[in-house]
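Just so you know, the protein sequences line up as chains A and B, in that order.
Once you know that position 31 of the first sequence is 31 in the working numbering, the rest is easy, because the numbers rise by one and skip nothing.
Once you know that position 24 of the second sequence is 24 in the working numbering, the rest is easy, because the numbers rise by one and skip nothing.
Calculated from the structure, these hints are not laboratory results.
Every value quoted in this text rests on a predicted model; they were computed, and no experiment measured them.
Where hints are given, some of them may not hold.
Not the full set, but computed from the structure, chain B residues with beta-carbon under 10 Å of chain A [as the list claims (entries may be wrong)]: (1) A31; (2) Y33; (3) Y35; (4) K40; (5) A87; (6) C91; (7) F104; (8) E107.
Yeah, the Cβ is synthetic: ideal placement off N, Cα and C, and Gly gets one too.
Chain by chain, the residues:
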Amino acid sequence: AQSVAQPEDQVNVAEGNPLTVKCTYSVSGNPYLFWYVQYPNRGLQFLLKYITGDNLVKGSYGFEAEFNKSQTSFHLKKPSALVSDSALYFCAVRDLRSGNTGKLIFGQGTTLQVKP
Amino acid sequence: ETGVTQTPRHLVMGMTNKKSLKCEQHLGHNAMYWYKQSAKKPLELMFVYNFKEQTENNSVPSRFSPECPNSSHLFLHLHTLQPEDSALYLCASSQEGNEAGELFFGEGSRLTVL
Numbered sequence: 001a002q003s004v005a006q007p008e009d010q011v012n013v014a015e016g017n018p019l020t021v022k023c024t025y026s027v028s029g030n031p032y033l034f035w036y037v038q039y040p041n042r043g044l045q046f047l048l049k050y051i052t053g054d055n056l057v058k059g060s061y062g063f064e065a066e067f068n069k070s071q072t073s074f075h076l077k078k079p080s081a082l083v084s085d086s087a088l089y090f091c092a093v094r095d096l097r098s099g100n101t102g103k104l105i106f107g108q109g110t111t112l113q114v115k116p
Numbered sequence: 001e002t003g004v005t006q007t008p009r010h011l012v013m014g015m016t017n018k019k020s021l022k023c024e025q026h027l028g029h030n031a032m033y034w035y036k037q038s039a040k041k042p043l044e045l046m047f048v049y050n051f052k053e054q055t056e057n058n059s060v061p062s063r064f065s066p067e068c069p070n071s072s073h074l075f076l077h078l079h080t081l082q083p084e085d086s087a088l089y090l091c092a093s094s095q096e097g098n099e100a101g102e103l104f105f106g107e108g109s110r111l112t113v114l
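Pulled out of the complex, with its shape left as it was, chain A reads as follows (with noise of 0.2 Å):
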């Protein structure tokens, strides 16, 4: 079946510092990766996608992942954190039983907070 998980509830670090917010799937054949943010009281904002290719895949806002097959791993990363990019982060795959269709399968979300 396939699921996708983020280990960490909650990341601090301050701002300036780089950030790496962890993410690691569970797919039958090639994964199609995704990461989004969610402000308080907003919906989920797209940030970056990998499909196939290079393995470091750029963003939104500064942000890029980089797609590790051999450790089933698509973290999310940014050089230097910003106050602003505090927010919750989901890390979701596709649902390859489900054809072409962008049903996602979600993680449950890391909380990422940058002080100042």
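Let chain A serve as the given structure and place chain B on it in line with the hints.
Only chain B this time, still in chain A's reference frame:
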């Protein structure tokens, strides 16, 4: 602005009321979704519509009734709800056949059942 609009943004209702949540997408997508987001729980997929046809119902209680009159509009009709149904209800859309399958979400409707 994500191209997916949900109304109302906030709704308070009693257990005997009947209300509806509305979602409209302006992206030309052909698939739409309802998700439920409760505190401290993962996002729960409720319903999936492809080309206006319901393709998935994840064991959702019958007090939630979806309606998809066309590929741009999606409703969630609510009746005889329970307090545990209080949550943020998120609508999303995507383009079926799009290999990536990324979803675009609305801002959500915050439902409180008294």
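Status of the hints after comparison with the structure:
With its C-beta approaching chain A no nearer than about 6 Å, B/A31 sits inside the 10 Å limit, and its interface hint holds. Of the supplied interface hints, the one on B/Y33 holds, with its beta-carbon coming within about 7 Å of a beta-carbon of chain A, less than 10 Å. Residue-level restraint check for B/Y35 holds (minimum Cβ-Cβ distance to chain A is 8 Å; threshold 10 Å). Against a cut-off of 10 Å between C-beta atoms, the interface hint on B/K40 holds, since the closest Cβ of chain A lies about 9 Å away.
Evaluation of the B/A87 hint against chain A yields a violated restraint, the C-beta minimum of about 13 Å exceeding 10 Å. The criterion of a C-beta within 10 Å of any C-beta in chain A is met by B/C91, whose closest approach is roughly 8 Å, and the hint holds. A distance limit of 10 Å between C-beta atoms decides the matter here; for B/F104 the minimum to chain A is near 7 Å, and the interface restraint holds. Hint status for B/E107 relative to chain A: holds, with the closest Cβ pair at about 4 Å, below 10 Å.
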